[in-house]
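Peer 1: Guided by the hints, dock chain B with the ligands onto chain A, whose structure is given.
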Amino acid sequence: MSEMQDAVLRLAGLRKSYNEGRPNEAEVLHGLDLLIGRKDFAALIGPSGSGKSTLLNLIGLLDQPSAGELYLLGEPTRTMDDAGRTRLRGESIGFVFQFHHLIQAFSALDNVLMPLMLRHGRPSPGAVDRARGLLAAVGLEKFAQTRPNQLSGGQQQRVAIARALVTEPALLLADEPTGNLDTHTAAEVFELMRRFGREAGCAVLLVTHDPRLSAACDRTIDLVDGRIVSDTNSVA
Amino acid sequence: MNCPCSSTERPVRSPVLKLWTAWVLALQFLRDGRGQTVTIMVGVAVGVAVVVFVSALIQGLQANIVQRTLGTQAHIRVLSPDELNLRPASPAGTLQLVWEDKRAQRRRSINNWQQVVATLDALQSVRAVSPVIAGPAFAGRGAALESVALTGIDLLRYQRIIPLSDYIKEGRARLEPGEAMIGSELATTLGLRVGDKLRLDTGRQNPAVVNVVAVFELGVRELDARNVYLGLKQAQALLSLPGGVTQLDLVVDDIFAADRIAQRIARLTALQAESWMEKNAQLMNALSAQSLSTNMIIVFVSLSVAFGIASVLSVSVVQRTREIGILRAMGAGRQQVLQVFLIQGALYGLIGALIGIAGAYVLVWVFNTFGPGLFYIPVPTTLVLFALALATVVGVLAAAVPARRAAMLDPVVAIRYV
Ligand SMILES: Nc1ncnc2c1ncn2[C@@H]1O[C@H](COP(=O)(O)OP(=O)(O)OP(=O)(O)O)[C@@H](O)[C@H]1O
Ligand SMILES: [Mg+2]
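Residue numbers (this note's numbering), protein chains in the order written: chain A, 1 to 236; chain B, 1 to 418.
Where hints are given, some of them may not hold.
To be verified - FRET-style restraints, in silico, Cβ to Cβ:
id: 1; chain 1: A; residue 1: S17; chain 2: B; residue 2: A358; range: 54 to 60 Å
id: 2; chain 1: B; residue 1: L303; chain 2: A; residue 2: R15; range: 47 to 53 Å
id: 3; chain 1: B; residue 1: F386; chain 2: A; residue 2: R78; range: 36 to 42 Å
id: 4; chain 1: B; residue 1: R404; chain 2: A; residue 2: A12; range: 32 to 38 Å
id: 5; chain 1: A; residue 1: D129; chain 2: B; residue 2: M296; range: 54 to 60 Å
id: 6; chain 1: B; residue 1: L17; chain 2: A; residue 2: E141; range: 23 to 29 Å
id: 7; chain 1: B; residue 1: V413; chain 2: A; residue 2: T79; range: 21 to 27 Å
id: 8; chain 1: B; residue 1: Y417; chain 2: A; residue 2: G49; range: 16 to 22 Å
id: 9; chain 1: B; residue 1: V413; chain 2: A; residue 2: G13; range: 21 to 27 Å
id: 10; chain 1: A; residue 1: N24; chain 2: B; residue 2: V16; range: 44 to 50 Å
id: 11; chain 1: B; residue 1: Y417; chain 2: A; residue 2: E27; range: 20 to 26 Å
id: 12; chain 1: A; residue 1: Q145; chain 2: B; residue 2: L303; range: 41 to 47 Å
Claimed, not checked - Among the chain A residues that face chain B by a calculated CB cut under 10 Å, a handful are:
id: 13; residue: F95
id: 14; residue: F97
id: 15; residue: F106
id: 16; residue: R122
To be verified - Computed from the model, here is a short list of chain A residues facing chain B with C-beta under 8 Å:
id: 17; residue: D63
id: 18; residue: A83
id: 19; residue: R89
id: 20; residue: G90
id: 21; residue: A105
What the hints contain is simulated information worked out from the structure, not anything from laboratory work.
Think of the CB as a built atom: it goes at the ideal place given N, C-alpha and C, for glycine as much as any other residue.
So that you can see chain A by itself, here it is in the shape it has in the complex (with noise of 0.2 Å):
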């Protein structure tokens, strides 16, 4: 029961399929349970296709399943409405996309505000100064002005990171993060995200199909056609 209370998300017959009520329905996650403690860095692997994505936008409140329930926090989320979905996402999720999905129109600093500032309005200056410490934290201390336009894709991914941490959110979620860096790069943002997960102490989940990333991971989660067919901790 103690593990169960310490635990971040937890999911009982998880189920999702696209398309429903419609003769193109189809069933892609079927039936997962699983259980993400507090201080887990987890990486979710599996081929292409086999809903790692699907199960990231669940779990994330960016979709809702198709049947079974959802604990972010202990909080039952089926029922949640948009506005329900949005406070707990907001309060603790952060979200890393595999293309640095940041907005073009703001600077480095104001992305990494923005959550601040959609949850509370006009950031305190103890805000400013959080986000400038991330920023700062990843590197880019110099770029806060900066447009996403003109940083490189590292660069970027490493604003993005920064970003989904400025809540300090419980859960980070990270899809295919260093899918779109070179090999050197990817292992940078990759160890920025190990350190902010414990520095932070926040549970990670990270799709990945580098497999030296996942090695490097405390658990490994193996999703192969909408079923959990591994689950392995590489930590005692």
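Peer 2: Chain B with the ligands alone, transformed into the frame defined by chain A:
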């Protein structure tokens, strides 16, 4: 190390604070899409400039026409009620078919007119009241004879209805007993000048001979050819209505309320009250037709402005689909996304209107300075405020559909959009 899950941020979730973020996003999106922004704002500005200029022109024109019309007539004229035929009451239970001729209306005095004047003087909306006695007469000089409208007035009071001294061509405005003021046309026909004598015959009394003390020109041929002003007492004597007046002339503060005030006076005094609007029904028709066409212009310009804003914003929503998805993933609610695009619509309208109003001022200035110079058009502040409010409201309404579409986007689909 601080606890990872207890956020150190203020737990405030005031919608007003969140509105600030919507503003920042809207402004930044507008600045980012500069080309679109400038294009649509020029479109809005042209529309607003047209609306403001045309409205100012028509309003100025109408004010001018009305002013000219009312310069020489009372806003409301109060008369005795028509006399009706007296009939014996029909016995109960019988149906009476009546064929009657209208009665000839003799010239009568308004009953108790002093009291009526006092009552009307006390009315808030009435600016001035002047008792007048009017009747037909022949004006003669030597063998020449002209039919005229004899008008007995109290000059001091009447000046507040029609400022006769402003229209004097020759002589001075005054009406002692034995004095008359005549129109310029009549003066020409009868060859009269100030200081000449004029014979007035009403057919009821012995003809009177009066001194011409002033010749006026109201600029309306009919009035200049027929009006002869006398003092009240003398006219009463000539028309055999001693102490009586046949009409009360009024001016009111709000000329377009004249018909309503007239109705009220009619109820109040049981007399006939006729406003300038009834008497100039054709003019009123023309004016309201003009106003209608101005309103049509406003409606159609607003519509095309609305469609312009809506289409620009629709494109913008499509272009920003992915960013909307990202914002949603970062915790933006549907409400916030909606606000961002509504604010953009409002700003398109408001800023476009500001530019358009500046343009309208330039157009009006050009018209006043280099135009035909027939009349001067002012730009009323109410019109400017109206244009600003209208453009902003149109902007918000036009933004409603695209903003709603943006708010209802599925975040998953939006994020994957390329
Ligand atoms: N919007 C959608 N509508 C219908 N089917 C979808 C949709 N999105 C994904 N799918 C299907 O769901 C399955 C899982 O897709 P998903 O994107 O989750 O895979 P993935 O594991 O992330 O693959 P990859 O490693 O290539 O990113 C696929 O078969 C895909 O065709
Ligand atoms: Mg994927």
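Peer 1: Hint by hint, note whether the structure agrees.
Peer 2: The hints, checked one at a time:
1. As the Cβ distance of S17 (chain A) to A358 (chain B) is approximately 58 Å, the hint placing it in 54 to 60 Å holds.
2. At about 49 Å, the beta-carbon gap between L303 (chain B) and R15 (chain A) stays in the expected band of 47 to 53 Å.
3. With their beta carbons about 51 Å apart, F386 (chain B) and R78 (chain A) fall outside the hinted range of 36 to 42 Å.
4. A beta carbon spacing of about 35 Å between R404 (chain B) and A12 (chain A) agrees with the range 32 to 38 Å that was offered as a hint.
5. One distance hint, 54 to 60 Å for the beta-carbon pair D129 (chain A) and M296 (chain B), holds here, with the actual separation near 58 Å.
6. In this structure the supplied range 23 to 29 Å holds for L17 (chain B) paired with E141 (chain A), their Cβ-Cβ distance being about 28 Å.
7. Roughly 22 Å separates the CB atoms of V413 (chain B) and T79 (chain A), a value that falls within the hinted 21 to 27 Å.
8. The hinted range of 16 to 22 Å is satisfied by Y417 (chain B) and G49 (chain A), whose Cβ atoms lie roughly 20 Å apart.
9. A hinted range of 21 to 27 Å for the beta carbons of V413 (chain B) and G13 (chain A) is consistent with their spacing of about 25 Å.
10. Look at N24 (chain A) against V16 (chain B): about 45 Å separates their beta carbons, and that is inside 44 to 50 Å.
11. Checked against the given bound of 20 to 26 Å, the beta carbons of Y417 (chain B) and E27 (chain A), roughly 24 Å apart, stay inside it.
12. Range check, Q145 (chain A) to L303 (chain B): about 43 Å between beta-carbon atoms, so the 41 to 47 Å window is met.
13. Of the supplied interface hints, the one on F95 (chain A) holds, with its beta-carbon coming within about 5 Å of a beta-carbon of chain B, less than 10 Å.
14. Annotation: interface hint on F97 (chain A) holds; nearest CB of chain B at approximately 7 Å, less than 10 Å.
15. A least Cβ separation of about 6 Å between F106 (chain A) and chain B falls short of the 10 Å threshold, and the interface hint therefore holds.
16. At a threshold of 10 Å, the smallest CB-CB gap from R122 (chain A) to chain B is about 5 Å, leaving the interface hint in force.
17. The restraint placing D63 (chain A) at the interface with chain B holds, with a minimum CB-CB distance near 5 Å, inside the 8 Å limit.
18. A least Cβ separation of about 6 Å between A83 (chain A) and chain B falls short of the 8 Å threshold, and the interface hint therefore holds.
19. Evaluation of the R89 (chain A) hint against chain B yields a held restraint, the C-beta minimum of about 6 Å falling below 8 Å.
20. For G90 (chain A), the interface hint holds, since its Cβ comes within 8 Å of a Cβ in chain B; the closest pair sits about 3 Å apart.
21. Taken as an interface hint, A105 (chain A) checks out: its beta carbon lies about 4 Å from the nearest beta carbon of chain B, inside 8 Å.
Hint compliance for this structure: hint 3 alone is broken.
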